[in-house]
Amino acid sequence: MSLLGTSLPGFPDAAPLAGLAGGVLIGLAAAVMLLGAGRIAGVSGIAARAFGISASSLPRAAAWAFVIGLPLGALIVMNLSGAATPDFAGPVPLVIAGLIVGIGTRLGSGCTSGHGVCGMSRLSQRSLVATATFMATGFATVAAMNLLGIEVLS
Amino acid sequence: MIRDMLVSIISGTIFGAGLALGGMTDPARVRGFLDIFGDWDPTLALVMGGAVIVMALAWLMQRRMLRPVFGEGFALPDRSDITLRLVGGSALFGIGWGIAGLCPGPGFAAFAIAPASAAIFVAAMLAGMLLVRLMEGKA
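Going down the list, the protein sequences come from chains X and H.
Residue 21 is where the first sequence starts when you use our numbering, and the numbers rise one by one after that.
Residue 5 is where the second sequence starts when you use our numbering, and the numbers rise one by one after that.
Warning: the hint list may mix true and false statements.
[Said to hold, decoys possible] Computed spacing ranges between beta-carbons, pair by pair: (1) H:Arg71 / X:Asp33: 23 to 29 Å; (2) X:Ser76 / H:Arg67: 20 to 26 Å; (3) H:Pro119 / X:Ser27: 28 to 34 Å; (4) H:Gly141 / X:Pro111: 29 to 35 Å; (5) H:Glu76 / X:Ser27: 44 to 50 Å; (6) X:Asn166 / H:Ala127: 24 to 30 Å; (7) X:Leu148 / H:Leu70: 38 to 44 Å.
[Stated by the list, open to error] Chain X regions said to be covered by chain H (calculated; three or more residues, Cβ under 8 Å): (8) 39-47; (9) 55-65; (10) 85-97; (11) 102-112; (12) 137-146; (13) 159-173.
By construction, these hints were calculated from the structure, which means they are not laboratory data.
Ideal placement from N, C-alpha and C gives every residue a C-beta, glycine not left out.
Working from the sequences, and respecting the hints, build out all of it.
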């Protein structure tokens with residue numbers, strides 16, 4: 021893991037190689053879904069399917085299998101890397117953020133995975149617009165919270 | 005059906021590993037990336053770049069395939085219309101992403117890291133999704 025700890029000049033907190041390796045894995049995962057099952061690996065859509073919130077041609081059991089795989093993969097990496105447990109927001113911001121993410125991803129037909137990875141890589145107009153939009157509001161939200169001195173991670 | 009499940013769990017597991025390795029399951033890292041006007045952390049740009057490059061190659065392969073390896077055909081989105089709903093929904097999603105530093109994938113992956121936090125976020129997210137469905141009268 022020492023190579024993955026390489027840093028980026030000017031950005032002492034960045035983990036560029038770990039980020040790139042993680043990104044390649046995410047791309048591979050989405051490629052397995054596309055070339056193996058013929059479907060988009062969009063987490064918000066697959067989650068909605070698993071919990072019976074939306075219909076899809078993906079069998080519900082397969083949607084569940086994907087959703088269960090997510091923490092499984094994270095568990096393997098956390099065990100191998102021995103990284104410290106990161107800080108998460110408290111219950112109130114988590115509920116507010118979760119609600120907004122849930123509403124937004126249904127209305128916007130996708131999230132970082134479906135639009136950001138799968139859609140952008142095929143140059144989908146809708147995904148390019150969606151990704152530019154959620155990045156812009158993400159930037160604005162963090163900037164506004166910093167300006168107001170609102171800390172959420174504990 | 006069994007093959008669908010196998011492909012899904014393999015994809016989900018690699019996906020979750022990538023999220024954790026890339027730092028997407030660390031809200032401070034995600035919010036650091038979104039903090040472009042402050043102490044910017046570019047790591048997530050590399051996560052996104054790496055994923056998009058690999059996936060772009062997968063799309064090139066997909067074009068030469070008549071059907072997926074396991075399954076009858078491709079079931080892919082084919083819309084190209086830019087709607088207020090798409091933009092408004094994505095705008096909301098970005099706000100939620102910025103508040104807690106979590107999007108749907110890392111929300112589920114976090115069950116392996118901070119289960120209580122993950123449960124709260126995911127429950128609220130599903131409630132939000134259900135709300136949209138109820139308001140659209142598709143219930």
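Point to revise | Ascending list of hint numbers which this structure does not respect | key: 1 and 7
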